[in-house]
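S.K.: Below are the chains, spelled out letter by letter.
There are 4 protein chains.
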Amino acid sequence: MLIVMTPTATPEDIARVVGAIEALGFKPNPIPGAVRTAIGITGNQGPVDPRVFEALPGVQEAIPVSKPFKLVSRDWKAADSIVTVGEARIGGGHWAVMAGPCGVESLDQALTIAERVKKAGAQIYRAGAFKPRTSPYSFQGLGEEGLKILAKVRSETGLPIVTEAIDADTVSAVEEYADMIQIGARNMQGFSLLKRAGKSKLPVLLKRGLSATIDELLLAAEYIMSEGNPNVVLCERGVRTFADHTRNTLDLSSIPAVKKLSHLPIIADPSHGTGRRDKVAPMARAAMAAGADGLMVEVHHMPEQALSDGFQSLYPDQFDAMMETVRRVRAVLEEFDPTIRGTGR
Amino acid sequence: MLIVMTPTATPEDIARVVGAIEALGFKPNPIPGAVRTAIGITGNQGPVDPRVFEALPGVQEAIPVSKPFKLVSRDWKAADSIVTVGEARIGGGHWAVMAGPCGVESLDQALTIAERVKKAGAQIYRAGAFKPRTSPYSFQGLGEEGLKILAKVRSETGLPIVTEAIDADTVSAVEEYADMIQIGARNMQGFSLLKRAGKSKLPVLLKRGLSATIDELLLAAEYIMSEGNPNVVLCERGVRTFADHTRNTLDLSSIPAVKKLSHLPIIADPSHGTGRRDKVAPMARAAMAAGADGLMVEVHHMPEQALSDGFQSLYPDQFDAMMETVRRVRAVLEEFDPTIRGTGR
Amino acid sequence: MLIVMTPTATPEDIARVVGAIEALGFKPNPIPGAVRTAIGITGNQGPVDPRVFEALPGVQEAIPVSKPFKLVSRDWKAADSIVTVGEARIGGGHWAVMAGPCGVESLDQALTIAERVKKAGAQIYRAGAFKPRTSPYSFQGLGEEGLKILAKVRSETGLPIVTEAIDADTVSAVEEYADMIQIGARNMQGFSLLKRAGKSKLPVLLKRGLSATIDELLLAAEYIMSEGNPNVVLCERGVRTFADHTRNTLDLSSIPAVKKLSHLPIIADPSHGTGRRDKVAPMARAAMAAGADGLMVEVHHMPEQALSDGFQSLYPDQFDAMMETVRRVRAVLEEFDPTIRGTGR
Amino acid sequence: MLIVMTPTATPEDIARVVGAIEALGFKPNPIPGAVRTAIGITGNQGPVDPRVFEALPGVQEAIPVSKPFKLVSRDWKAADSIVTVGEARIGGGHWAVMAGPCGVESLDQALTIAERVKKAGAQIYRAGAFKPRTSPYSFQGLGEEGLKILAKVRSETGLPIVTEAIDADTVSAVEEYADMIQIGARNMQGFSLLKRAGKSKLPVLLKRGLSATIDELLLAAEYIMSEGNPNVVLCERGVRTFADHTRNTLDLSSIPAVKKLSHLPIIADPSHGTGRRDKVAPMARAAMAAGADGLMVEVHHMPEQALSDGFQSLYPDQFDAMMETVRRVRAVLEEFDPTIRGTGR
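Chains as they are written, first to last, in the working numbering: chain L, 1 to 345; chain F, 1 to 345; chain G, 1 to 345; chain R, 1 to 345.
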């Protein structure tokens with residue numbers, strides 16, 4: 001923390017800030033300048049709230065210096081974390097694609113799609129049983145019935161299941177039937193849910209909120225890790241901006257940014273990230289080229305009849321083609337980029 | 001819903017869209033133009049998902065026409081709703097100020113501030129017992145202990161209490177001790193929480209999410225109302241933008257926008273909306289001038305020692321001055337603006 | 001400037017940064033901490049580019065401390081500047097309303113509206129002769145012909161004229177016929193235009209760009225002032241965000257923010273700031289309540305026939321009502337708020 | 001255009017709208033619905049301003065249907081345009097990399113970097129002589145002196161030159177010495193500059209503004225094309241959002257979006273798009289994977305001494321590595337993606 005005084009701050013103002021720092025048990029380090037004085041704070045174990053100081057007379061700004069997260073940080077653990085979901089591994093040179101429909105509609109639908117995406121190379125099956133919908137009048141998912149269908153899909157295909165939990169109760173249900181707990185963008189700062197997921201033995205897929213900074217995303221992961229669950233995969237799925245040619249703006253620079261700050265794997269969701277079928281494959285390729293540890297993609301064999309988000313689902317043939325290109329782009333990275341460490345799959 | 005075909009769409013493409021509309025039980029209304037054909041949809045009771053049609057060949061765009069909400073709408077109920085909290089009334093010409101510290105810290109702190117804000121004219125006391133915090137290492141509130149303190153503040157001062165619930169469990173606790181359930185910005189789309197609040201007998205204060213559109217805010221209120229609770233007060237508290245001179249960008253135009261679309265009252269929170277003490281009073285005045293039905297303001301007698309958000313809390317003297325000005329601005333509106341209907345207080 | 005080193009930075013890394021600071025002629029002030037070292041820079045006359053240091057090994061961040069502007073700053077000139085346009089005065093306790101149509105269409109149109117807005121209390125007439133339009137196929141204004149009409153309006157009504165210049169050539173034309181040069185939001189960082197306006201004897205109305213921070217707005221004003229023209233009035237006219245209920249998001253907190261940092265006056269444009277007629281009056285009142293030194297408002301006697309932006313123009317009767325309320329809100333501020341210094345009009 | 005009436009609109013309201021449409025010479029197509037009436041407009045040659053109708057009683061919304069651009073549109077010209085700069089070709093299956101320093105500093109600097117980037121495979125040399133800078137006190141470029149240096153670099157290396165013009169005067173200077181006119185993000189809606197560039201014989205590189213939609217970018221290109229210059233290359237260089245881990249948010253989905261709407265080539269600038277050296281290579285690869293027709297990249301042999309933007313410039317060795325990976329990613333696309341048509345280089 002650095003406290004910047006105004007040019008007109010008096011010696012008394014400076015002494016008051018120095019005293020306030022000492023009162024918190026920290027060490028003040030005044031740096032007198034030509035125009036103004038700044039005071040560095042050292043001796044603190046974690047972050048200091050800047051606003052304590054901004055209230056004092058003569059203080060212009062209090063600038064935080066340390067990052068506020070710990071367990072998710074590369075400072076804490078330098079090596080890439082590898083998260084295992086069934087037989088799939090994500091991070092540390094391993095990557096995986098999670099594919100499936102937006103929502104479970106029936107056993108027939110779920111199984112048909114699962115077989116197709118497995119054949120194309122997806123390693124994890126995704127489908128929602130609990131759907132958070134903007135309108136109370138939209139289809140809200142099949143609930144526990146949907147989870148039972150997903151468990152059957154797993155036993156038929158061998159694909160592990162990732163599916164969304166929307167509160168503490170649904171975490172328990174997901175634990176009973178699935179292999180990975182998804183926390184959606186709207187719940188990224190639902191702290192009760194994060195803490196409950198942190199007590200689970202299942203790995204967690206945590207999606208970036210629509211207006212979350214990278215620091216906030218990492219702090220949401222810190223909530224999960226601080227409860228004892230180290231198996232967190234982050235997911236870039238687009239943020240909300242003024243741009244209107246896609247439903248959200250897929251911010252792929254978050255991938256190298258997260259990798260610099262954290263050891264956790266990060267994948268991308270080009271389906272929600274664009275909201276437009278014809279943008280999914282280009283952005284899937286782009287995400288892999290940016291260094292993503294995998295993808296989450298919506299696929300439906302009859303998207304025009306899907307009960308939710310059909311417009312952004314790929315047809316199975318499109319998914320086949322996407323997988324082929326994505327695999328080749330990944331191979332280029334593994335050959336050339338030193339930050340892609342492992343051996344892939 | 002209007003389906004716009006591409007200039008090169010074939011008669012077969014058009015027939016396919018017409019068929020899809022009929023298959024959904026609606027009525028297609030083709031409008032052939034010089035360059036392209038458009039097809040209007042009528043006969044639907046609620047909104048149609050545009051994306052069903054965007055998947056079909058020859059379709060350029062599907063444009064929704066109707067708003068997706070119902071109970072919150074002025075089409076449904078033309079007269080302003082009035083929400084009662086203790087003796088305070090909000091909406092329909094009545095306005096109220098909710099004031100207090102960000103978080104309950106002790107009975108002494110809570111009571112000292114309550115007496116001061118009551119004297120200045122606040123009608124409802126606000127303070128958090130359950131605090132949703134970005135970092136797991138920040139002060140998370142006193143929990144039920146805090147609620148008990150708030151109940152004592154009410155019995156001492158007579159002020160009704162509004163305090164935040166962060167999940168279904170904490171709604172029950174808030175119901176036991178307080179008078180109004182606050183749902184915070186981060187939980188605006190926590191649909192389990194919304195539904196639980198919709199089953200409560202207490203009125204609900206619903207804050208706009210950091211990247212929520214007005215439609216999304218109204219649909220979140222629709223979740224509450226559709227469960228049977230008609231007593232919802234909306235709150236503009238700033239949205240997230242690129243602007244960096246305030247913590248959030250207080251979007252005061254949401255006030256007339258909500259009033260046009262909905263009968264629900266809307267207040268503003270200039271404390272979180274700016275995050276800077278010296279911006280609170282100007283924006284409080286501005287919100288009232290824009291037609292807000294009240295304010296939520298943070299006040300602390302010793303903000304530099306507050307455990308959370310002290311930097312944006314007004315000193316009691318500043319709050320006195322703010323109340324005086326705000327009251328006068330409101331009086332101007334009541335005299336001149338025909339949309340401010342009731343008689344105030 | 002504060003240079004923050006990584007926790008793993010070596011003594012050599014620190015020495016290299018110290019050397020780089022000295023090489024620029026500044027003084028390094030190392031502050032060793034428990035976890036990492038930070039190095040303060042003093043002795044610099046103006047801002048230092050942080051990125052010079054971010055390129056060096058072991059550097060985590062370089063944090064700027066001083067603001068990069070000078071002549072526009074309150075540090076430079078503590079008292080409010082007052083800008084005079086004809087007989088109108090803006091700033092330092094004086095306020096004025098600029099009103100008129102979006103574009104000049106004919107002498108009859110321009111004069112009809114001018115007489116109406118003058119009667120309602122507007123002190124400056126606004127209308128565009130050179131219109132920057134998003135599409136090359138939209139009406140681009142009457143050009144010099146429009147300026148001649150405006151000059152006639154002035155001679156008939158006595159109202160001074162503010163009108164937009166879009167490049168260096170049109171500044172000269174505006175200087176010939178008008179009283180104040182407007183620089184539009186799209187040209188806020190058109191630096192050739194800013195420099196040319198800085199050489200003019202006319203006062204300048206500088207509108208905030210659609211994605212400009214307050215620092216960038218003030219630096220654009222600094223371009224004008226650094227060429228010798230001290231008469232700059234800033235204008236908040238809305239920024240671009242995800243919000244879709246208004247055309248732009250009017251960020252009224254920029255008004256107290258500018259007043260804290262700068263001595264220049266700032267007004268608000270609720271017409272462009274909302275893009276919706278029914279939002280103009282509420283936001284005009286709100287802007288005045290936030291402390292604006294005036295308003296710029298579009299008025300048209302037949303908006304449905306206007307050649308540009310008719311949808312956001314007030315009818316003359318609506319403008320009368322708006323003026324009456326705005327005047328009363330301003331009177332409240334002048335009575336109660338110590339930062340509103342002058343005596344108004 | 002579709003006019004949507006309110007549920008309470010009277011037959012008179014509808015007749016008034018029908019009359020207004022006819023008065024403009026267009027054909028009204030009323031579509032009565034269960035709840036409300038909508039009226040389609042046909043017979044118009046170009047876009048209709050929706051706001052004309054929103055002013056009328058009983059009108060809820062006026063929804064534009066056609067896109068407002070023409071010459072840039074794929075409807076107008078289906079085949080990809082190929083723009084030639086020296087021997088480089090961009091678009092229609094051809095791609096090129098423009099590389100060099102942010103600004104020309106000296107012949108020695110400019111030539112050293114040019115030789116290095118040519119060797120690595122860059123086909124066009126980029127460097128600024130006229131620099132638009134946020135602060136008037138920052139280095140503004142060498143001006144015409146810089147252009148003369150660039151001309152020498154071309155005669156020594158054979159690389160064609162792209163450099164920025166900031167107003168009509170500097171377009172003439174750029175025409176004298178260089179091969180392609182760059183229009184920067186801040187000037188994307190500087191319409192005098194666009195028109196002047198539209199009269200040039202040189203190709204134009206048009207960068208997306210910081211808050212420009214795709215429609216606005218294409219309309220800016222339409223300004224250039226409508227003056228007679230068909231040789232426009234668009235450039236995605238990041239937009240302004242709340243995200244703070246990069247200087248701007250590089251919106252790569254604009255690449256497939258532009259390619260769908262327009263025949264013009266589009267490249268990406270990962271240097272300005274991220275503002276961080278360590279993000280440039282990942283985002284360069286991602287842009288090519290998304291289908292970009294090339295890249296613009298900042299390279300400097302001594303970035304820590306650069307007079308502007310050194311922090312985001314690649315070292316020559318990093319540029320070599322980037323080029324190699326980018327070339328391989330492109331080869332994957334050319335093999336697999338049917339929308340990448342040509343044969344590359």
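If you're looking for bench data, these hints aren't it; they were derived computationally from the structure. Among the hints, erroneous ones may be present.
One copy or any two copies: either way a pair holds, since identical chains are not told apart in the list.
[Said to hold, decoys possible] Below are the EDC-like pairs computed for lysine to aspartate or glutamate, each with C-alpha atoms no more than 20 angstroms apart in a straight line:
#, residue 1, residue 2
1, Lys260, Glu12
2, Lys77, Glu175
3, Lys118, Asp320
4, Lys199, Glu54
5, Lys260, Asp244
6, Lys67, Glu175
Values in this document were obtained by computation on a predicted structure and should not be read as measured data.
S.K.: A separate judgement is required for each hint: does it hold in the structure or not?
M.R.: Here is what the structure says about each hint:
no., hint, verdict
1, Lys260 - Glu12, "neither (42 angstroms within a copy, 22 angstroms between copies)"
2, Lys77 - Glu175, "neither (27 angstroms within a copy, 43 angstroms between copies)"
3, Lys118 - Asp320, "within (10 angstroms within a copy, 38 angstroms between copies)"
4, Lys199 - Glu54, "neither (37 angstroms within a copy, 39 angstroms between copies)"
5, Lys260 - Asp244, "between (30 angstroms within a copy, 14 angstroms between copies)"
6, Lys67 - Glu175, "neither (33 angstroms within a copy, 37 angstroms between copies)"
Going through the hint list in order, the structure does not satisfy hints 1, 2, 4 and 6.
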